[in-house]
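Visitor: Each chain, letter by letter, is given below.
Number of protein chains: 2
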Amino acid sequence: ARLKMPLATARAVTTTAPTTAARARTARRMTTATRAASLSAYLPADTYHSLPKDGDVTFLHTMVRASNLEATMAFFSALGLVETRRKESQNGKFTLVFMASCQGAPEIEITYNWPDEATGETETFAPPSRSMGHLAFAVDDIYAKCEALEKAGIVINRPPRDGRMAFVISPDGISVELLQKGDALEPREPWKSMANIGSW
Amino acid sequence: ARLKMPLATARAVTTTAPTTAARARTARRMTTATRAASLSAYLPADTYHSLPKDGDVTFLHTMVRASNLEATMAFFSALGLVETRRKESQNGKFTLVFMASCQGAPEIEITYNWPDEATGETETFAPPSRSMGHLAFAVDDIYAKCEALEKAGIVINRPPRDGRMAFVISPDGISVELLQKGDALEPREPWKSMANIGSW
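Going down the list, the protein sequences come from chains R and X. Counting from 1, one number per residue, gives the positions in the first sequence under the UniProt record's numbering. Counting from 1, one number per residue, gives the positions in the second sequence under the UniProt record's numbering.
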């Protein structure tokens, strides 16, 4: 009983279609039930339910590879993401760690290939080419977030001089854009006059 | 009045905290209002509201660059994404097209830098390096989706032999994973015995 139309449309149908009062009540109950199920199961990692409005395609994750799993997890943790699930493959000799703002939100899948058993060498990669731009997250308070990132030892490559936008890069060179939710904050020191560092 | 905790937790608090009946009613009303606002504004593109459960960080988009905007849009359209918004910059000489499963869902931001005015040459890129893996989408019916992609002239690099997983690549070499929602479908021809093509 997945609802295939936007919620607003579904509601309009519920209230305007020529049904009996009883059928209307049932329809309302179904809409409420669907809404509750969708919210609590918003992009759930293992079952791939959609929000009603997603249609037949649901965005799940962006996969990035890490040469150092702990460093990459520390970076995304400082950003505010949490580990939502993890898979270790003895056969494939890799670990997948999924991180998101919360359980059920769109995820970053971090692939970590285990060091070579013979040489102990870890896989290394070139940073992303220009075909891959960045991952973007909206944050409640871009100054507070950048301060937290700095405290975690992360360089703010593009400081939020405008109270609106910042860029940082992961240990493997993956660019992350931070955007202030809603209106830009009032420009404020030390950010206001802080120079760019490197590229992102 | 953004709710900072997962909905399930908020509900538990609403029903177990020692409040008066009136306060409990108000809390229930607020929860319902927040839930409705969040659903209709699920990851809205321009205002960056969160779902209640997202906390202070909300995933917005993954940005990819396109050497040919039409070809890239045709690829993501065949996948089932729609254009949600667009920005043209005369000064920056670029077009940004955002695509998602529906308005308000997590987006792909496609950056298209306009051809050089003097030479008419379009920017080209190396395909993504190994540090960037893929984008992943869950689909209602992986066979129907792969058939639609083939009809649109897209090569199925990793056919869904197992009724569960497929890979395709964008015109600029960006890898896209498709995953069957819920349980895997019954393995079925022609997919069952179809060989891999290229790498992804």
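Calculated directly from the structure, the hints in this document are not laboratory data. Don't take each hint at face value.
Said to hold, decoys possible - List time: in silico SDA-like cross-link candidates among lysine to any residue, alpha-carbon distance up to 25 Å:
no. : chain 1 : residue 1 : chain 2 : residue 2
1   : R       : 181       : X       : 98
2   : R       : 192       : R       : 162
3   : R       : 151       : R       : 129
4   : X       : 93        : R       : 151
5   : X       : 151       : X       : 121
6   : X       : 93        : R       : 162
7   : X       : 87        : R       : 154
8   : X       : 93        : R       : 167
9   : X       : 87        : X       : 121
Visitor: Take a quick look at whether residue 93/X and residue 162/R sit within 25 Å of each other, Cα to Cα.
Guide: 22 Å, holds
Visitor: Verify the proposed pairing of residue 87/X with residue 121/X, using a straight-line Cα cut of 25 Å.
Guide: Measuring from Cα to Cα gives roughly 21 Å; hence the hint holds.
Visitor: Compare the distance between the alpha carbons of residue 93/X and residue 167/R with 25 Å, and conclude whether the hinted pair is satisfied.
Guide: 21 Å, holds
Visitor: Does residue 98/X lie within 25 Å of residue 181/R when you go C-alpha to C-alpha?
Guide: 18 Å, holds
Visitor: Can the restraint linking residue 93/X and residue 151/R be considered satisfied, given a maximum Cα separation of 25 Å?
Guide: Answer violated: residue 93/X to residue 151/R is near 37 Å, above 25 Å.
Visitor: Is it true that the CA of residue 192/R sits at most 25 Å from the CA of residue 162/R?
Guide: 7 Å, holds
Visitor: Would the hint linking residue 151/R and residue 129/R be met if the CA-CA limit is 25 Å?
Guide: 29 Å, violated
Visitor: Is residue 151/X within 25 Å of residue 121/X, Cα to Cα?
Guide: 30 Å, violated
Visitor: Given the hinted pair residue 87/X and residue 154/R, is their Cα-Cα distance within 25 Å?
Guide: 31 Å, violated
Checked against the numbered hints above, the structure breaks hints 3, 4, 5 and 7 and satisfies the rest.
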